[in-house]
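Going line by line, the protein sequences match chains D and E. If you count by my numbering, then the first sequence holds residues 1 to 254, one letter each, in order. If you count by my numbering, then the second sequence holds residues 1001 to 1325, one letter each, in order.
No lab work stands behind these hints: they were computed from the structure. This structure is a prediction, so every number in the text was calculated from the model and none was measured. Just so you know, not all the hints are guaranteed correct.
[To be verified] On the chain D side, residues computed to face chain E include the following (Cβ under 10 Å):
1. R10
2. V104
3. R108
Where a beta carbon is used, it is the ideal one built from N, C-alpha and C, also for glycine.
Here is what each chain is made of, one letter per residue.
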Amino acid sequence: MTDDFLLETRGLTREFSGFTAVNKVDLRVRRHSIHALIGPNGAGKTTCFNLITKFLQPSSGAILLDGRDITRTKPADVARLGMVRSFQISATFPQLTSLENVEVALQRSLGRSFHFWRSKRTLAPLREQAMTLLDDVGLAFAANRVVADLPYGQKRALELATTLALNPEMLLLDEPTAGMGREDVARTVALIRRISPNRTILMVEHNLSVVADLSDRITVLARGEILAEGAYGAISTDPRVKEAYMGKGEPAHV
Amino acid sequence: MSKIPGALPARPAGSSLGVSRGLILVAVAAALLAAPFVFYPVMLMKVLCFALFATAVNLLLGYAGLLSFGHAMYFGGAAYVCAYARKELGWTPEASILAGVAFSAVFGLLTGLLSIRRSGIYFAMVTLALGQLFYFLCLQSPATGGEDGIQSVPRGLLFGALDLENNVTLYYFVLAVTGFGMLAAYRAINSPFGQILTAIRENEPRAISLGYRVAWFKALAFTLSAALAGLAGATKVLVFQLASLTDVSAPMSGEVVLMTLVGGMGTVLGPVVGAAIIVSMQNYLADVGEWLIVIQGLIFIATVSLFRRGVVGEIAARLRRGRGT
Chain D
1 MTDDFLLETR GLTREFSGFT AVNKVDLRVR RHSIHALIGP NGAGKTTCFN
51 LITKFLQPSS GAILLDGRDI TRTKPADVAR LGMVRSFQIS ATFPQLTSLE
101 NVEVALQRSL GRSFHFWRSK RTLAPLREQA MTLLDDVGLA FAANRVVADL
151 PYGQKRALEL ATTLALNPEM LLLDEPTAGM GREDVARTVA LIRRISPNRT
201 ILMVEHNLSV VADLSDRITV LARGEILAEG AYGAISTDPR VKEAYMGKGE
251 PAHV
Chain E
1001 MSKIPGALPA RPAGSSLGVS RGLILVAVAA ALLAAPFVFY PVMLMKVLCF
1051 ALFATAVNLL LGYAGLLSFG HAMYFGGAAY VCAYARKELG WTPEASILAG
1101 VAFSAVFGLL TGLLSIRRSG IYFAMVTLAL GQLFYFLCLQ SPATGGEDGI
1151 QSVPRGLLFG ALDLENNVTL YYFVLAVTGF GMLAAYRAIN SPFGQILTAI
1201 RENEPRAISL GYRVAWFKAL AFTLSAALAG LAGATKVLVF QLASLTDVSA
1251 PMSGEVVLMT LVGGMGTVLG PVVGAAIIVS MQNYLADVGE WLIVIQGLIF
1301 IATVSLFRRG VVGEIAARLR RGRGT
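Turn these sequences into a full structure, and let the hints guide you.
Structure, rendered in structure tokens:
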């Protein structure tokens, strides 16, 4: 049980013309845990995400999802295996309504996505589920609003609802609370906690109180390499982390 | 969760709106049916064929966000196939048109799979290159008649009964074909498939991250668009009794994009209005000769710099603003 890892990377490396953004990262995410990936800007967190979800091809190394090698799998197929990501910049479909955004995610399960001869009204059975998902993130009131008109925090919440619509076994959340007001942060933290049972979550997050609140385990990245790993208490007192995260000489108050 | 049903406002009710919309539809239908007795039917049919062609381009450009500069391939390719089947093989008009559409659909799928491997300007360049390739193939092939094209294609009897030599009869047939094509495009746009297509246009990485294999959606959109362009090209053959190199040329590809933009891409009626404007200009300004191309260029510049949404797009935007939403 102790080494039941849902996601594992072995020697994950990505070079961009001479610059090594991610260097031999061995990341292991335990099943049904919340694992945070933190580190200063430019540490390679988002590159890691892009590699794991196959939006970028690793230069070397391997990625295993539930023991299965996905190093050569295409990004859409990674999502189909049950690992779904969110993006750092709110990833929505701006000209669609909130409801339609969620429906786009839900309709894959119907297997009718190539049916160009059917009316969109055949998607009506998804509506109730879509509304429930919107309600979960506090967006039921904006169901019929075009997403381009929503404030940033609500777009982030919508993105979370869309991700959850796939009911993924594993979620990769790239800064889920970035740009949110305090109230929205609290709601999002509560939501992540609520959906976390029976799911595995890997998240990049800058808000350390969110990290402290949610994560079972933390990996600190610096300059593309793993600097430290452990529970929040151990990480927050690690002098190497303080130095990398806060800079030398500054008092650490994480 | 109790607020779910209430959160979905019903469509803005108002029987008056429904009635006026119904009246407009009846008026438009009456105008379309009476048109051949007022205007020259051949010109009307030309407008209809190009309206359908522009609708095909609009499906790809306006809803999938893919700009093709090679659509004359499918328009002209289907025209050649239809003309050949009709004249050389003696097939019925309806079978000849279907042959043209089938050719364009298959050809569209193959070339589409090639083109969608690139995006943006590179996609446009690949389609342009493929179009030029096909043009020279048509120039050299014995089946197309080279510089002469396939001339004097007999119109024949539709379903063995309706004489298409009669311009008015042919007009109603072309009207029906165009109507069918536009309804098909409208349905595709407003289908589960259309929703995913819009999502891909709006944010491709997000669509991928939700598990959609976007290449197949683009390929299907491309195929549908090519098939509709083929329907337009094959129907045009019956009108002009001619399939020629003009139909497969790069200027033809550019012209139909111009129609789509002038009318308003991403709107259902835009391509029709755009086709009507450009085709009537070509007809009524035939005397100015080469200057026509200059005028078209100016219109294009005016469209992209002054009213980017096109005629229909601008009107729709103004109506929305007028309603205060």
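Does D/V104 pass the interface hint, meaning its C-beta sits closer than 10 Å to a C-beta of chain E?
-> Hint holds; D/V104 Cβ to chain E Cβ min 5 Å, cut 10 Å.
Closest C-beta approach of D/R10 to chain E relative to 10 Å, hint status = violated, 23 Å
May I ask you to test the interface hint for D/R108 with respect to chain E, counting a Cβ-Cβ separation under 10 Å as satisfied?
-> With a minimum Cβ separation of about 6 Å from chain E (threshold 10 Å), the hint on D/R108 holds.
Of the numbered hints listed earlier, the single one contradicted by the structure is hint 1.
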